[in-house]
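Chemist: Sequence:
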Amino acid sequence: MLKKLSDTLYRFATGRNVLIFFLLDALFMFGVMPAAGARLAAATGGVGPLDLNLYYSGAQAVETLGAMGAEGRALYRTIELALDIVYPVAYTLFFSLLISWLFNKGLSAQSRLRGWNVLPFGGFLFDLLENASIVGMIGLFPAVPPVLASAAGVFTLLKWLFAGGSMALALVGLVSWLRKRTQKA
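The sequence shown maps to residues -4 to 180 in my numbering.
These are calculated hints, taken from the structure and not from any lab test.
Where a beta carbon is used, it is the ideal one built from N, C-alpha and C, also for glycine.
There could be a bad hint or two in this list.
[Stated by the list, open to error] If you anchor each label on the Cβ, the simulated ranges turn out as follows:
1) Glu66 to Ser106: 48 to 56 Å
2) Pro141 to Val81: 46 to 54 Å
3) Leu120 to Ala69: 21 to 29 Å
4) Ala33 to Met162: 24 to 32 Å
5) Leu120 to Met24: 15 to 23 Å
6) Leu169 to Ala37: 34 to 42 Å
7) Gln105 to Glu66: 52 to 60 Å
8) Glu58 to Leu173: 40 to 48 Å
9) Ala36 to Gln105: 43 to 51 Å
[Stated by the list, open to error] Below are the BS3-like pairs computed for lysine-lysine, each with C-alpha atoms no more than 30 Å apart in a straight line:
10) Lys100 to Lys179
11) Lys(-2) to Lys100
12) Lys(-1) to Lys175
13) Lys175 to Lys100
14) Lys175 to Lys(-2)
15) Lys100 to Lys(-1)
Construct the complete structure from the given sequences, taking the supplied hints into account.
Modeler: Here you go:
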């Protein structure tokens, strides 16, 4: 299944598609999500979302949700269920296509690294699990099961590790492509 996904990404990895998803990712990263974050900060008195932390304990998650107040939690839930479902699709496709495009340009067809173009989908999976955990905690608040609160922090950490790995792979692809270009010149 991952091989099929990898091959599909290579087929769709054109400069045009990378640009389209870059622009969509940038729209969310610099426009939509900061605007939603500002609304959330206004509703919570400055308490930020759990998603932006690298990691948090179960106790920290419950404390943060408590500090948000009922209005802040309601808005946070809406953001998680609407915007934070679409945004992961955009950044996952951007990074997967970017890595695939750069690997097509910089790596040989036999390179074992080529299969790693699916790594951003790990981040996507853990982002969705993080979002589901946060929405679950909000729905159950204040009686949040400790296992759910702890799992949310682990999902957040794993999301960021996969995001970092995806950025590292894009950098490897860029360096490989530039090295290949200079060798041809």
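Chemist: A separate judgement is required for each hint: does it hold in the structure or not?
Modeler: Structure-based check of all given hints:
{"no.": "1", "hint": "Glu66 to Ser106: 48 to 56 Å", "verdict": "52 Å, holds"}
{"no.": "2", "hint": "Pro141 to Val81: 46 to 54 Å", "verdict": "30 Å, violated"}
{"no.": "3", "hint": "Leu120 to Ala69: 21 to 29 Å", "verdict": "26 Å, holds"}
{"no.": "4", "hint": "Ala33 to Met162: 24 to 32 Å", "verdict": "25 Å, holds"}
{"no.": "5", "hint": "Leu120 to Met24: 15 to 23 Å", "verdict": "20 Å, holds"}
{"no.": "6", "hint": "Leu169 to Ala37: 34 to 42 Å", "verdict": "39 Å, holds"}
{"no.": "7", "hint": "Gln105 to Glu66: 52 to 60 Å", "verdict": "56 Å, holds"}
{"no.": "8", "hint": "Glu58 to Leu173: 40 to 48 Å", "verdict": "46 Å, holds"}
{"no.": "9", "hint": "Ala36 to Gln105: 43 to 51 Å", "verdict": "50 Å, holds"}
{"no.": "10", "hint": "Lys100 to Lys179", "verdict": "12 Å, holds"}
{"no.": "11", "hint": "Lys(-2) to Lys100", "verdict": "19 Å, holds"}
{"no.": "12", "hint": "Lys(-1) to Lys175", "verdict": "27 Å, holds"}
{"no.": "13", "hint": "Lys175 to Lys100", "verdict": "8 Å, holds"}
{"no.": "14", "hint": "Lys175 to Lys(-2)", "verdict": "25 Å, holds"}
{"no.": "15", "hint": "Lys100 to Lys(-1)", "verdict": "20 Å, holds"}
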